[in-house]
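Peer 1: Let the hints inform the model, and build the full structure from the sequences given.
So the chains spell out like this:
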Amino acid sequence: MSGRVADAGPLAGRAATAAGAVRARRRPGWGLVLAVPVVFLAVFFLLPLGNVALTSFTEPGLSNYTQLLETPLYGRTLARTFQVAFVITLACLLLGYPYAYAMHRARGGVAALLAALVLLPFWTSILVRSYSWTALLQDTGVVNSLLLDLGLAERPVALIRNLLGVVIGMSHILLPFMVLPLYASMQRIDSRLVQAAGTLGASPATAFRKVFLPLSMPGVVAGSLLVFVLSLGFYITPSLLGGPADTLIGELIVQKFSEQLDFGVGSALAVVLLVATLVVLLLGSRLTRLGALVGQEEER
Amino acid sequence: MHTETSGTAVSRRALLRGGLTGVAGLALGGTLLSACGGSAGGAGDGKTLVFTGFGGDFQKAMTKAWLDPFSKETGVKILQEEPSDYAKLQTMVDAGKPTWSVVNVGGDFGLGDTVRLLEPLDCGEIECATQLGVTTDHRVPLMVYARPIVFRRDRLSGGTPRTWADVWDTERFPGKRAFDERLSSSATLEAALIADGVAPRDLYPLDVERALRKFDEIRRDVIWFDSSDRGQQLFVSGEATVGHIPSGRIKEMAGAGVDVGASWLQFGLNADYLVIPRGTANLDAAQRLVAYITSAEHNANLSNYFAYAPANREAVGKVNAEAKPYLATTYLDQDPFTIDDEWWNENRRDVEVTFREWQSR
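Which chain is which? The protein sequence lines are Y and C, in order. Residues 1 to 300 in this note's numbering are what the first sequence spells out, letter by letter. Residues 1 to 361 in this note's numbering are what the second sequence spells out, letter by letter.
Honestly, the hints are just simulated from the structure, not real lab data. Possibly wrong hints are sitting among the right ones.
Claimed, not checked - Far from chain C, some chain Y residues (derived; all Cβ distances over 10 Å):
| no. | residue |
| --- | --- |
| 1 | 57 |
| 2 | 147 |
| 3 | 208 |
Claimed, not checked - Chain C regions said to be covered by chain Y (calculated; three or more residues, Cβ under 8 Å):
| no. | segment |
| --- | --- |
| 4 | 66–73 |
| 5 | 217–229 |
| 6 | 350–359 |
To be verified - Which chain C residues stay away from chain Y? Per the calculated CB distances, all over 12 Å, these:
| no. | residue |
| --- | --- |
| 7 | 48 |
| 8 | 55 |
| 9 | 126 |
| 10 | 128 |
| 11 | 160 |
| 12 | 176 |
| 13 | 206 |
| 14 | 238 |
| 15 | 278 |
| 16 | 295 |
| 17 | 297 |
| 18 | 317 |
It should be emphasised that the depicted structure is a prediction, and the values quoted were computed from it without experimental measurement. Backbone N, C-alpha and C fix where the C-beta goes; we use that ideal spot for every residue, glycine too.
Peer 2: Following this line, the structure appears as structure tokens:
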């Protein structure tokens, strides 16, 4: 934790709004303000996390990990979790980019409306939204009733209890995490650059492709990383909308803890998920730095 | 999150890192919470107990049938919590200060390794000897129920399924099958074996591979559910035509106007139990509450509020007349088998892995 805090120093110095933070460091009162969240995270996050890691090695021992290796189910589920996370990320990107772009271009009331439409579901419980999707997508649900009534389908289309249901539900829930970083990144793009491309003879499409799109890449990477990592830990939505063949690693962890009281293997699974997540973040952070070079640095 | 992103001058990396730290926490938060959840409850002044159940209408019914009358009679205040999370119970007992006094658990808890988490019951006060189910020194059933064959009558033409073999007959009885995937307490694999010709007497030890091969036959037609609420929803919405569900739910659905029927042949007897976490405060009062609920005098009272049967044989005659057709004890003459909780307790983890592998194939 302390590494992270110290790390913010040089970054903060670069950002305009962070000037206050630099000033703040010289005021003694701020140390206390900072200490509260740090202590909170240490006690309520790091400590239990350490406990989980410890449990994975001691209850009963390393056999937890050999079990993970020997049982194909775990490896297969982890691989599937990454595949699903990838598909969700792609879906969110395809939906989120045009949306963020529309938000970026819109003015006044329309912009506010678009922002509200992203944020409203964001403030609704995941459980409620997942259940709502089941009501819409199930064989006797709204969508299928409509399809059958209109004669567009002979029998109910399988929209739920399969990968499609998982992708629909999770993309909907995770979309804000894609749209918001994208939007923030687009707002930072100097619109005169796109105009300049136009005056130099580029068609709007070319200007978008050669100027705007590259400049928005930091947002693409940030949003994708957020959505991908969040997807890895999902379990309510896939359990409600997915089929038995779409179990994700988060569901297995819950089953291990709550149903089987197998804290050892459950903890080992959690540790594996954590490490896998950290690896993704590590790779992602390299990409972002590259992205920042292409995006932010060049525009200066 | 959105306040951070709407600022235009925040460094991208600072934003990203800030966001992602929170996200990593979220990703694991679910599993951690179950292991360290705090709880409200103030057992300790000699007059307060904390009763924990699975929530929902069943817990409300228990409140009316037993908890409120007990409080009125004894002056002991009862706080309630839900759900009965076994992982939480284990963590609380291991931490040394369980806040729960009496816990409603399924048949899959309170045997083998988990006995160490429980106080021995005072069978001098509690009527342990007259109970159905798998009663031990550490757990006593509060009710029995079953998962009989259930079907939507209005969605079937040409008769209704009577046996598990009928349930497997997708030509005579087309439509999706709803099955409970909480194998250790739902008699799901048992149903498959009976459909395959195994006599109920010879079910245990279960031939899991054979049961799963039987499920292969109707694989495409099965909808799995992992909570009774969702199972009920499958029948109510009409997604499932045939299947099984705890018997109390059948009465609820029929009462709500759903055209459901049931076949009480070849069913397994199942029970929910009461346990007392080891080291709980107010042990005496907890024992008294358990004795009260499971007594011949009060045990049938639940059937006035929810269609679950008394586990105390002496109470069977006192059940609510309206609920009677939905109670497992009404069909004891059909010679139901008893789900072998002991076998399940020893084999649950292995069966679970085998089953999940099969499902993911």
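Peer 1: All hints are to be evaluated individually against the structure, with a verdict given for each.
Peer 2: Here is how each hint holds up against the structure:
1. 57: Label holds. Min Cβ-Cβ 16 Å, cutoff 10 Å.
2. 147: holds, 15 Å
3. 208: Check passes; 20 Å lies beyond 10 Å.
4. 66–73: violated (count 0)
5. 217–229: Held - the segment 217–229 of chain C has 3 residues with a Cβ nearer than 8 Å to chain Y, which meets the minimum of three.
6. 350–359: With 5 residues close enough to chain Y, the hint holds.
7. 48: At roughly 27 Å from the nearest Cβ of chain Y, residue 48 (chain C) sits farther out than 12 Å, so the non-interface label holds.
8. 55: holds, 14 Å
9. 126: Correct as stated: the minimum Cβ-Cβ distance to chain Y is 25 Å, above 12 Å.
10. 128: holds, 25 Å
11. 160: holds, 20 Å
12. 176: violated, 7 Å
13. 206: holds, 17 Å
14. 238: The claim breaks: residue 238 (chain C) does not keep its Cβ more than 12 Å from every Cβ of chain Y (closest is about 5 Å).
15. 278: Nearest chain Y Cβ is 15 Å from residue 278 (chain C), so the label holds.
16. 295: Label holds. Min Cβ-Cβ 30 Å, cutoff 12 Å.
17. 297: holds, 35 Å
18. 317: holds, 36 Å
Checked against the numbered hints above, the structure violates hints 4, 12 and 14; every other hint is satisfied.
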